[in-house]
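Trainee: Residues per chain are reported as follows:
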Amino acid sequence: MQEEYLLTMRHIEKRFPGVLALNGVDFSLRKGEIHALMGENGAGKSTLIKVLTGVYQMDGGEIRVDGEKIAIKSPQDAQNKGISTVYQEITLCPNLTVSENMFIGRCGAWVKRRDLEKKADEILTRLGIPARSTQLLGSCSLAVQQMVAIARAVDMNCKVLILDEPTSSLDDKEVKRLFGLMRDLKAQGVGIIFVTHFLDQVYEVSDRITVLRNGELVGEYLTEDLPQVQLVSKMIGKELEELGSLGETEDIMFGDKPVFYEAKGISSNEALPFDFSIRKGEVNGFTGLLGSGRSESVRAIFGADKVTGGEVTVNGEPVKIDRPIDAMRHGIGYLSEDRKRDGIIAELSVRENIILALQVMNGMFRPINRNESEAFADEYIKVLNIKTASMETPVGSLSGGNQQKVILARWLLTHPDYLILDEPTRGIDVGTKLEIQKLVLKLAEEGVSVTFISSEVEEMLRTCSRLIVMRDRHVVGELTGKDLNQTKVMKTIAGGEA
Amino acid sequence: MNKAFWKRKEPLNDTQLLMTITIVIFFVMYILAMILFGGGFLHVQQVFDMLNDNASLIIVTCGLTIVMIGGGIDISVGAVTSLVVMSCVLYLNKGGNIFVAVLLAVGIGLAFGLVHGFLVSYLEIQPFIVTLAGMFFARGMTTILSVNPQKVSHVAFNTFREKRIVIPWLGYTANNGNKIPARMELGVVIALACVILVWMLLKYVRLGRNFYAMGGNQQSALMLGINVKRTRFLSYILSGLLSGIAGFVFMMHTGAGNSTNAAGMEMNAIASAIIGGTLLTGGVGNVIGSFFGTMILTTIKKIVVASGLNDPWWQSITTGGMLCFFILLQSIVLGKRAKKRKT
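Sequence lines, in order, name chains U and R. Going letter by letter, the first sequence gives residues 1215 to 1712 in this note's numbering. Going letter by letter, the second sequence gives residues 1415 to 1757 in this note's numbering.
Some hints could be false.
Claimed, not checked - Coverage of chain R stretches by chain U, computed from C-beta distances (three or more under 8 Å per stretch; other residues unrestricted):
1) 1558-1570
2) 1594-1608
3) 1630-1641
Said to hold, decoys possible - Listed next, the in silico EDC-like pairs over lysine to aspartate or glutamate satisfying Cα-Cα at most 20 Å (straight line):
4) R:Lys1754 with U:Glu1331
5) R:Lys1643 with U:Asp1291
6) R:Lys1754 with U:Asp1291
Because the hints were derived from the structure by calculation, they are not lab data. If you're wondering where the values come from, they're calculated on a predicted model, not measured in any experiment. All C-beta atoms in this analysis are idealised placements derived from N, C-alpha and C, irrespective of residue type, glycine included.
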């Protein structure tokens, strides 16, 4: 079979102040293939995508589509040249209808509503997307919004479809449907660039893998020729043995350690009443499907939502935790699920973000002086291995994993007795994930209690000694000791054995 | 009426919902006024007077609504209107031509829109600051042109501006038995035409939908292939253009120029737009709603006067209260919706 290159990128270079984000990267895409673009955060995936979609202008190199050299000036230009992107964060307008979102920016000067709606409905039906053309986009689920974005791209006769983390907000069923859609498009000859952090998904759909690391090309491989472990080691550039060092945690019995936090019948306007306790130095976790009430439960513990009832004791003494500041005063820290919305203040520097929580604890009339804050920032940048140009760099310009570390540093600085980590490893690369897992275990050794939430059961099993399983906003089981295995967790979540 | 309109598949969207609330409240308020105060409220002329007095405000609000839907703000509209009035009055008094005066009005408005649009869109300066500067500039220019009030002495123009659309059958019989027909100024026709044209622009033209997209999510609009900079640029140009037209209509109404003309009009326009369901955050709003927003504000003022509270501050206080009430209502309604969607 003659291989036909749809897209070739040669020696792409992109410079940002102080950083060479892409250093002579090559990438090629064949017709009708799903090509996974892999790499840790900061490896240059997003930058490469943004160069290809015209968000950034490259500083060197050339891009050819169908053998023809092109310059991509803007996202609009990229679309016109057959390169469409569906981003991780939905880039549609929630205040417009589904059909408007599909056609805006590319319809005639006069909007023929009915025609467009009819056309949109046809496409939605053909692709099996459960949405009506006249529906407001904002009233659709995130998954459907994503599919609408793909439908838009498909209708634009795109040759190259870029899917940037498309599955991060989808459940299994929706992922299956998306993959079906991807395979259909592939059969039609569309070249798909698939960016994701989920290794299993890469092996499920992709034909080829290109790995980037530190802005450089590591290599291009056929998926079937590259075992998963190899891929991981190529991505993080570490030897395989190192990966194994995070083995099974010993089953420590916490029976003799004192209880740090205990809640009876705690509830909030988002969470149903539940009982919960954690001992000093214990790592436990909430698990369950998305929407099972995991996050809502820990938010109730932290007082992030309106607490409506329950009795709480910290170190055996009854306390009232209604607001986050109450929780912080009792030594509880909370790393929120959505770091963009609840955690990071993108415009502030790394240093300012790190000292934020401590400053709040101290109160506004006792400012932390400059030298002190610099010392703190310096220390934690080193301890957590935060990759930043300097401590005065705005956090917004860091990669996701490093932003997460900054928030973590913020809480560590307050020396919490109890740290709640809600999805601390979501959307970040394998290497940083491992670092964070190690850190959690180290903290526990030092006597800090940690509640850990992650969508990846495997990760939870590795770090937690007790798992609280939730289903439909109820606690349906607690697993410890030998029950801590994937099968048992799955069964409990599914409701086979409660 | 189109059958499909009644058999809707979809619930009202935020824009339609807020607009419907505004319209319903206007009619409830007006009917209440008719019942409680009777008198003037029972005559069609009352509505005509409300339109006559506010034609320029309605036009200015149209422009502002466009800018606000796009996620911006233009607080220069009142001052530009005032500058247009003064310029045109002086020009006409020098024996100018009416058509050239219209061009002058439109030209001044466009010039302001052009500069605002350029600074906001291409140099990315905060719209509030830019249009604040524009406001001061226009006010200053008005005063430079003439500190003293200037009456239009242009004969042809005065004949033109005295023209009324007379509708006898909508009139009423005065106490002395005289038939008084309903009279509407020509400016009202211009204002209503502006409302309809802008409504069509926002609903049926690509540019109009782009305003909504831009106001809804600027980043998304960019990714969807909309030229956001140009779209934003055009929103300020339209606002400037409409301010220019409003200035001419204002002059037709008052027949004089004064440096305090249209004082506070920008604030009334913002209040009208907000009452009409336009969100300051952008992406939601409708010019029909804005029109009824103006009508609600005017009705409130008429009611205050009818209640015998003649002191001017009562109008301000009730306007403030009304604005507060609507914002509260909107946030409650939209908040409930968002919650419902979540579950």
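Trainee: Are the hints correct? Go through all of them and say.
Mentor: Here is how each hint holds up against the structure:
{"no.": "1", "hint": "1558-1570", "in the structure": "violated (count 0)"}
{"no.": "2", "hint": "1594-1608", "in the structure": "violated (count 0)"}
{"no.": "3", "hint": "1630-1641", "in the structure": "holds (count 11)"}
{"no.": "4", "hint": "R:Lys1754 with U:Glu1331", "in the structure": "violated, 25 Å"}
{"no.": "5", "hint": "R:Lys1643 with U:Asp1291", "in the structure": "holds, 15 Å"}
{"no.": "6", "hint": "R:Lys1754 with U:Asp1291", "in the structure": "violated, 39 Å"}
Comparing the model with each numbered hint stated earlier shows that hints 1, 2, 4 and 6 do not hold.
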